[in-house]
Amino acid sequence: MLEARDLGKSFGALEVTRGISLRLPPGARHAIVGPNGSGKTTLFNLLAGELAPDRGRVLLDGHDVTRLGPDARARRGLGRSFQKSDLFPDLSVRENLAVALAIGERRGAVFWRPFAGLPGHAEATAALARRVGLEALLDQPARTLAYGTQRQLELGMALAGAPRVLLLDEPTAGMSAEETHAMTALVAGLSRSIALLIVEHDMEVVFEIAERITVLDRGAVLVEGTPAEVRGSELVRRRYLGERRR
Amino acid sequence: MSSERARHAAAALLLLAALAAWRFAGYAGADLLGEIAVWAIFAMSLDLITGYAGLVSLGHALYFGLGAYALATLTHLLKLPPSAALPAAIAVAAVAALALGALAVRLRGVFFIMITLAFGQMGWAYLVRSPVFGGIGGMSGIGRLDLGALGLDLANPRDFALFAIVVAAFLYVLLALVTASPFGKMLVALHQNEHRARALGLAVERYTLAAFTLAGAVAGLAGVLEAMRTGFVSPELLTWTRSGEVLIMVILGGLGTLAGPALGAAIWVMLRHYLSSLTPYWMLAMGLVFVAVVLFAGKGVLGLAMPRRALPRDA
Numbered sequence: 002m003l004e005a006r007d008l009g010k011s012f013g014a015l016e017v018t019r020g021i022s023l024r025l026p027p028g029a030r031h032a033i034v035g036p037n038g039s040g041k042t043t044l045f046n047l048l049a050g051e052l053a054p055d056r057g058r059v060l061l062d063g064h065d066v067t068r069l070g071p072d073a074r075a076r077r078g079l080g081r082s083f084q085k086s087d088l089f090p091d092l093s094v095r096e097n098l099a100v101a102l103a104i105g106e107r108r109g110a111v112f113w114r115p116f117a118g119l120p121g122h123a124e125a126t127a128a129l130a131r132r133v134g135l136e137a138l139l140d141q142p143a144r145t146l147a148y149g150t151q152r153q154l155e156l157g158m159a160l161a162g163a164p165r166v167l168l169l170d171e172p173t174a175g176m177s178a179e180e181t182h183a184m185t186a187l188v189a190g191l192s193r194s195i196a197l198l199i200v201e202h203d204m205e206v207v208f209e210i211a212e213r214i215t216v217l218d219r220g221a222v223l224v225e226g227t228p229a230e231v232r233g234s235e236l237v238r239r240r241y242l243g244e245r246r247r
Numbered sequence: 000m001s002s003e004r005a006r007h008a009a010a011a012l013l014l015l016a017a018l019a020a021w022r023f024a025g026y027a028g029a030d031l032l033g034e035i036a037v038w039a040i041f042a043m044s045l046d047l048i049t050g051y052a053g054l055v056s057l058g059h060a061l062y063f064g065l066g067a068y069a070l071a072t073l074t075h076l077l078k079l080p081p082s083a084a085l086p087a088a089i090a091v092a093a094v095a096a097l098a099l100g101a102l103a104v105r106l107r108g109v110f111f112i113m114i115t116l117a118f119g120q121m122g123w124a125y126l127v128r129s130p131v132f133g134g135i136g137g138m139s140g141i142g143r144l145d146l147g148a149l150g151l152d153l154a155n156p157r158d159f160a161l162f163a164i165v166v167a168a169f170l171y172v173l174l175a176l177v178t179a180s181p182f183g184k185m186l187v188a189l190h191q192n193e194h195r196a197r198a199l200g201l202a203v204e205r206y207t208l209a210a211f212t213l214a215g216a217v218a219g220l221a222g223v224l225e226a227m228r229t230g231f232v233s234p235e236l237l238t239w240t241r242s243g244e245v246l247i248m249v250i251l252g253g254l255g256t257l258a259g260p261a262l263g264a265a266i267w268v269m270l271r272h273y274l275s276s277l278t279p280y281w282m283l284a285m286g287l288v289f290v291a292v293v294l295f296a297g298k299g300v301l302g303l304a305m306p307r308r309a310l311p312r313d314a
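Quick note, the sequences are listed as chains L and Y, same order. Just so you know, this note's numbering puts 214 at position 213 of the first sequence, and the rest follows in order with no gaps. Just so you know, this note's numbering puts 78 at position 79 of the second sequence, and the rest follows in order with no gaps.
Where hints are given, some of them may not hold.
Pairwise CB distance ranges (calculated) [what the hints assert, rightly or not]:
no., chain 1, residue 1, chain 2, residue 2, range
1, L, 145, Y, 16, 32 to 40 Å
2, L, 142, Y, 16, 29 to 37 Å
3, Y, 281, L, 113, 39 to 47 Å
4, L, 115, Y, 291, 33 to 41 Å
5, Y, 288, L, 190, 54 to 62 Å
6, L, 142, Y, 86, 36 to 44 Å
7, L, 115, Y, 273, 36 to 44 Å
8, Y, 83, L, 107, 49 to 57 Å
9, Y, 27, L, 107, 20 to 28 Å
10, L, 11, Y, 124, 43 to 51 Å
11, Y, 109, L, 7, 37 to 45 Å
12, L, 107, Y, 86, 24 to 32 Å
13, L, 142, Y, 125, 43 to 51 Å
14, Y, 83, L, 12, 52 to 60 Å
Listed below are the simulated SDA-like cross-link pairs for lysine to any residue, each with C-alpha atoms no more than 25 Å apart in a straight line [what the hints assert, rightly or not]:
no., chain 1, residue 1, chain 2, residue 2
15, L, 85, Y, 107
16, L, 85, L, 95
17, L, 85, Y, 90
18, L, 85, L, 165
19, L, 85, L, 70
20, L, 85, Y, 194
21, Y, 78, Y, 90
22, L, 85, L, 205
23, Y, 78, Y, 151
24, L, 85, L, 178
25, L, 85, Y, 231
26, L, 85, L, 36
27, L, 85, Y, 202
28, Y, 78, Y, 231
29, L, 85, L, 219
30, L, 85, L, 52
31, L, 85, Y, 137
32, L, 85, L, 209
33, L, 85, Y, 108
34, L, 85, L, 226
35, Y, 78, Y, 137
It should be emphasised that the hints constitute simulated quantities derived from the structure, not laboratory data. Computed from a prediction, not measured in an experiment: that's the story for all the values here. All C-beta atoms in this analysis are idealised placements derived from N, C-alpha and C, irrespective of residue type, glycine included.
Sequences and hints are given; from them, build the entire structure.
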């Protein structure tokens, strides 16, 4: 589905991504972990097309998308959420989801009928809101939502385009324990038609969702394997897990 | 009342006021009404890109002037009938907006302002020097649409004012439909958060270019009407201060509301008319009005007259 081959990216003299390769088969549950500054978000931005790599390639469904921008990749089935909630702040929850759906369905260019009157759109918006647990907040402006709720909306918008590959950037960052629990359940329950790549700090969440884990360290892959392998890795224990327990 | 309804109500009130004023207006008053209607169309066209899509243009008079000059060229130099020249002139403005917009919409913020200003100045500089189009003196003897079938003579200010008011109302409806459509919603969304719109798969530049082209076409129509109103064109139609003035009208009336910019046009043109006959310092007085509105009514004059919730925030 999604493949990165030997991606490299530098900002000036700082080499942030150093030859990362990654393969996401259909339906994958793959997590990327690593300390701050290990290049997780840069890798995400390279995969999503917000940054162009200095070297290496990104393939989506076997097609080289290295030169395509984020919108073109999204139209090919790549969805993503952002670490900091990145919403349409003055639009309501309903409008945020409806706009995301209209873009996903490629109906944004329709200019001859009212937005509210798109056939099937209201139902699809309501269904999406239910899916991420926002059905009671449809008329609230996004900017007034609580932090955890903004994260739910963030996920809802990422799901709106019916992505086949979904990149989630720290979906539980800054959430309370309850919110984290609910979000984890939501992500764990996503359809297997979606290949999932998730960056997450909370190792409990990672072990609950991921079937494969890549540990990044200083811009390169330290270890890749199953959760059990990563947990058992002496290298990882020293470099990352250990640090957090102390 | 929903924000959309409140704005339609404001537009309907404005139309009624215009028609009432027209009913009692004399020759000079009708001339002023016609001028207001033309500026209102021009201001609504700018609102589409500045108020809705969030792109501040300081060169919108270029498309206004191109529409006017295209009509003049086609009717005066090429002797085409005005009924054929009118759509052709709008097409000229639209094609120019499409071609120049293709370059401009890649830029944002102050760079977009600068490139639109540069394009406008290039058009002005060319027409000032060009002997074909009359240089600084422009051209006169422009054909007007023959509306004899409707009992209207556009050379008569009263008839012209009525016609222009009806056209402005029609364009309000057209632009209100466009902005309420999915396309219009995409403009609002990319204005609010371009980054997110792009990540969702929106080809942002195609939408801003489409809006820019439509705005150019409508500005071109306003220019066509202005040429018919005054019967002549000059490079003065393309000056950057005209672009600035229409931007002031949009902000004064209320960004992203359509009815607001039309109201802003009415206020601005009337202020200019009456203040300039009262005092030689009228521009200073108008500047103060503008400063007061920007400071105390961020949503424009329409925002003062409406319930707080009825207007889009930060539009």
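Quiz item: Okay, which hints does this one fail, numbers in order?
Solution: 8, 9, 17, 25, 31 and 34
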